[in-house]
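Student: Using the sequences provided together with the hints, build the complete structure.
Protein chains: 2
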Amino acid sequence: MKTLLLSMKDVKEALSIKEVISAVEEGYIAYNAGKVQQPDIVSMEIPEYNGETDIKSCYNKLNESISVKIASLFSNNGKDSDLPTMIGTVLLFDGKTGAPLCIMDGSLITGIRTGAAGAISSKLLARKDSKTVAVFGGGGQARMQIYALCQVMDIQEVRVYSEYQKELAKYKGDGEENTRAKVVLCDTPEEAMKDADIAISTTPSKKYFVDKSLVKPGMHIVAVGADMAGKNEWDPEIFRDAKVVNDSIPQCVSLGETRNAIVSGIITEADIYAEIGQLLAGEKPLRERDDEITIFDTTGMGIQDNVTAARVYEIAKEKGLGEYFEFI
Amino acid sequence: MKTLLLSMKDVKEALSIKEVISAVEEGYIAYNAGKVQQPDIVSMEIPEYNGETDIKSCYNKLNESISVKIASLFSNNGKDSDLPTMIGTVLLFDGKTGAPLCIMDGSLITGIRTGAAGAISSKLLARKDSKTVAVFGGGGQARMQIYALCQVMDIQEVRVYSEYQKELAKYKGDGEENTRAKVVLCDTPEEAMKDADIAISTTPSKKYFVDKSLVKPGMHIVAVGADMAGKNEWDPEIFRDAKVVNDSIPQCVSLGETRNAIVSGIITEADIYAEIGQLLAGEKPLRERDDEITIFDTTGMGIQDNVTAARVYEIAKEKGLGEYFEFI
Chain A
20 MKTLLLSMKD VKEALSIKEV ISAVEEGYIA YNAGKVQQPD IVSMEIPEYN GETDIKSCYN
80 KLNESISVKI ASLFSNNGKD SDLPTMIGTV LLFDGKTGAP LCIMDGSLIT GIRTGAAGAI
140 SSKLLARKDS KTVAVFGGGG QARMQIYALC QVMDIQEVRV YSEYQKELAK YKGDGEENTR
200 AKVVLCDTPE EAMKDADIAI STTPSKKYFV DKSLVKPGMH IVAVGADMAG KNEWDPEIFR
260 DAKVVNDSIP QCVSLGETRN AIVSGIITEA DIYAEIGQLL AGEKPLRERD DEITIFDTTG
320 MGIQDNVTAA RVYEIAKEKG LGEYFEFI
Chain B
20 MKTLLLSMKD VKEALSIKEV ISAVEEGYIA YNAGKVQQPD IVSMEIPEYN GETDIKSCYN
80 KLNESISVKI ASLFSNNGKD SDLPTMIGTV LLFDGKTGAP LCIMDGSLIT GIRTGAAGAI
140 SSKLLARKDS KTVAVFGGGG QARMQIYALC QVMDIQEVRV YSEYQKELAK YKGDGEENTR
200 AKVVLCDTPE EAMKDADIAI STTPSKKYFV DKSLVKPGMH IVAVGADMAG KNEWDPEIFR
260 DAKVVNDSIP QCVSLGETRN AIVSGIITEA DIYAEIGQLL AGEKPLRERD DEITIFDTTG
320 MGIQDNVTAA RVYEIAKEKG LGEYFEFI
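In the order they appear, the protein sequences are chains A and B.
This note's numbering applies: residue 20 is where the first sequence begins, and numbers increase by one.
This note's numbering applies: residue 20 is where the second sequence begins, and numbers increase by one.
Keep in mind that the hints were calculated from the coordinates and are not lab data.
All figures in this text were calculated on a predicted structure; none of them were measured in a lab.
You may find that some hints are simply not true.
A pair counts as met if it fits within one copy or between any two copies, since identical chains are not told apart.
What the hints assert, rightly or not - Under the rule of at most 20 Å between Cα atoms (straight-line distance), these lysine to aspartate or glutamate pairs were calculated in the EDC-like manner:
#1 21 x 345
#2 21 x 342
#3 80 x 254
#4 80 x 64
#5 150 x 256
#6 31 x 83
#7 21 x 101
#8 235 x 38
#9 28 x 260
#10 225 x 302
#11 213 x 254
#12 54 x 73
#13 54 x 64
#14 150 x 45
#15 28 x 71
#16 54 x 67
Tutor: Printed below as a string of C-alpha cells:
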C-alpha cells in the first residue's frame with residue numbers, strides 16, 4: 020500500500036487557518052461526545068543536548084483515524100546546525116486497519132491548531148464588538164493567534180508586548196501584512212492592555228506579568244502559554260469572578276493557568292464553567308453579560324493534532340501534494 | 020535535511036539475526052547501566068475493528084538516538100483487505116537534535132528482536148551441550164526463536180507443538196530449510212518436551228499447558244508468550260526452585276509469566292535472580308549447575324526496538340537501501 024509523505028512546504032500549502040478552525044471545532048465536539056481516546060502524553064527529556072521529545076497520540080472514532088505526533092524542542096539547534104529548534108513529525112493511520120496513510124512534517128501543525136483553538140474561544144466568548152486585542156509574546160504562536168483570530172472577528176488594532184524587542188520588530192511587518200490590523204508595539208503590559216477587548220498570552224513565563232487591575236470588565240482572555248506546572252502569565256485573582264473555560268479540565272487543572280488559580284485557593288475545580296466542546300455542542304450558555312470576564316485556558320490536546328492532520332491529508336490528496344512511498 | 024525511508028523489503032535485506040543479537044545485547048547492557056529512558060507503553064484499543072495500536076518509545080544515551088515504534092494488530096485484516104494483521108512503523112530520531120533520521124516499516128522489527136532476546140538468554144543460561152529444543156506455537160515468532168537460537172547453539176532437533184495444525188505444516192518446510200535441524204511435529208505438549216534441553220513458548224494462551232512434571236532438571240525455559248496480565252503458558256510451580264531471569268523486572272512482574280508465579284504466591288519479587296542485562300554485564304554468575312532449571316521471561320522492551328532500528332539504519336546506509344525524502 021502507498022503512504023503519502025508531506026514535507027513542511029506541502030503541509031504549508033495544504034493548511035488554511037479557516038479549514039483548521041473548522042476541523043478543531045469538530046475535534047472538540049468529538050472529544051466531549053466521548054468519541055476520542057487520548058492516551059497520556061509521553062515525554063523524554065534529553066538534558067545533555069538541551070532537548071525534549073513529546074508524543075501525543077489520539078484515536079478519533081468520528082474520522083476513524085489514529086494520529087501520533089512526535090514533537091521535539093532542542094534549544095541548541097540553529098547554533099551547531101541550521102536545524103530549527105522545534106521539529107515535529109505527524110503520522111496518520113487508518114483506524115479500521117492500522118495502515119499508515121500519511122506521514123507529514125509536524126512543525127506547523129502545533130502552531131496552527133493552537134491558533135485555531137484561541138480563535139474558536141474568542142468567537143464563542145468574546146464580545147461581538149471586540150476591536151482591540153492585546154498580545155503577550157512576539158514569537159510564532161503570538162502571530163498565529165492573531166492570524167486565526169482575524170479570520171473570525173473584525174480586529175482593528177493589535178497591541179503587542181514582548182520582553183524580546185527583536186521578536187517585536189518581526190511582528191510588526193509580518194503582523195500588519197497578514198492581518199490588515201494596525202500593530203502597536205508596547206513597552207509595558209499595561210500599555211498593551213489599554214482598551215483591549217481580548218487578551219492573548221503566549222509566553223513561557225514562570226511569574227505572572229498581568230495584574231488583576233489591568234483586566235477590565237467584559238474582557239475575554241486566551242491563556243496559551245502555561246502548559247506545565249510552574250508556568251504562569253496571569254494574576255490568579257483574575258479567575259475569582261471570571262467564567263473559566265478549559266480545553267480539557269483534567270489537563271488544565273494539572274498543567275494549565277487554571278492550575279495556578281486552584282493551587283492559590285482562589286477557585287476549585289467545581290468553579291470551572293465548562294470544557295469548550297460543551298459550549299460548541301450548545302450544552303451551556305456562552306457569554307451572558309457584556310461586563311463578564313471570560314477566560315479560555317488551553318494546554319493542547321492530541322485530538323487537535325488528529326483533526327488537523329486528517330484535514331491536511333484530505334486537502335493534500337485533492338491538491339496532489341507530496342510523494343508516495345510503499346512501506347508495505 | 021534528508022530522512023531515509025525503508026520498506027519492509029529494505030528492512031528484510033538490512034536485518035541479519037546475527038547483527039540483531041549483538042545489537043540487543045548492547046541494548047540490554049545499556050538499560051542496566053541506566054543509559055536508557057523508556058516511557059510507559061501507550062495503548063489504544065479499537066474494539067469496533069478488532070484492533071489495537073501500541074506505542075513503545077525509547078531514548079538510548081549510548082547510541083544517542085530516540086526511537087518510536089507504532090505497532091498495530093488488527094485481526095480483521097486479511098479478510099476485508101489484503102493487509103497483514105500486524106502493521107508497524109518505526110521512527111528513528113537523532114538524540115542530539117530531534118531530527119528524523121529514518122522511518123522504516125516495523126513489521127519485522129518486533130519479531131526479530133524478540134527472537135534475538137530468546138537466543139541471548141539460551142547462550143547465557145542453557146547447558147552448552149543443548150541439542151533438542153521444544154517449541155510451543157507454530158507462528159512467525161516460534162520460527163524466529165528457532166532461527167535466532169540456531170545462530171548461537173548447535174541445535175539438532177526441534178520439537179513443535181501447536182494447537183493449530185495449519186501453522187505446523189508451514190513450520191516444517193520453512194523451519195527445516197532455515198535451521199538445518201530436524202523438525203518433529205508433536206501432538207501433545209508432553210511429546211514436544213521429550214528429551215528437550217531448551218523449551219520456548221510463544222502462544223497467546225491464557226491457561227498453562229506445560230505441567231511441572233514435564234520439566235526435567237537442567238532445562239532452560241524461554242517464556243515469550245505472556246506479555247500481559249492474564250496470559251499463562253507455564254505451570255507457576257516451575258518457578259519455585261528455578262533461577263528466574265527477566266528482561267525488565269518491573270515489566271515481567273506486572274505483565275509477564277513471572278507475574279503468575281508471584282500472584283500464585285510461589286515466589287516473591289525478591290526471588291527473581293537478575294535482569295538479563297546484569298548477566299551480560301558480568302554482575303552475577305550464569306548457570307551454576309548442570310541440573311539447574313533456568314527461566315528467561317521476556318515481555319519486550321523499547322530499547323530492543325531502538326538498537327535494532329539503529330542497526331538497520333546503519334546497515335541500510337552502507338548498502339544504499341531505501342529512498343530519501345526531505346520533510347524539512
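Student: All the hints need checking, so say for each whether the structure fits it.
Tutor: Verification of the hints:
| no. | hint | result |
| --- | --- | --- |
| 1 | 21 x 345 | both (5 Å within a copy, 18 Å between copies) |
| 2 | 21 x 342 | both (9 Å within a copy, 14 Å between copies) |
| 3 | 80 x 254 | neither (38 Å within a copy, 40 Å between copies) |
| 4 | 80 x 64 | between (31 Å within a copy, 11 Å between copies) |
| 5 | 150 x 256 | neither (25 Å within a copy, 75 Å between copies) |
| 6 | 31 x 83 | neither (24 Å within a copy, 31 Å between copies) |
| 7 | 21 x 101 | between (31 Å within a copy, 13 Å between copies) |
| 8 | 235 x 38 | neither (32 Å within a copy, 67 Å between copies) |
| 9 | 28 x 260 | neither (45 Å within a copy, 62 Å between copies) |
| 10 | 225 x 302 | neither (34 Å within a copy, 45 Å between copies) |
| 11 | 213 x 254 | within (17 Å within a copy, 75 Å between copies) |
| 12 | 54 x 73 | between (23 Å within a copy, 19 Å between copies) |
| 13 | 54 x 64 | between (31 Å within a copy, 13 Å between copies) |
| 14 | 150 x 45 | neither (27 Å within a copy, 61 Å between copies) |
| 15 | 28 x 71 | neither (24 Å within a copy, 32 Å between copies) |
| 16 | 54 x 67 | between (40 Å within a copy, 12 Å between copies) |
When held up to the earlier numbered hints, the structure conflicts with 3, 5, 6, 8, 9, 10, 14, 15 and fits the remainder.
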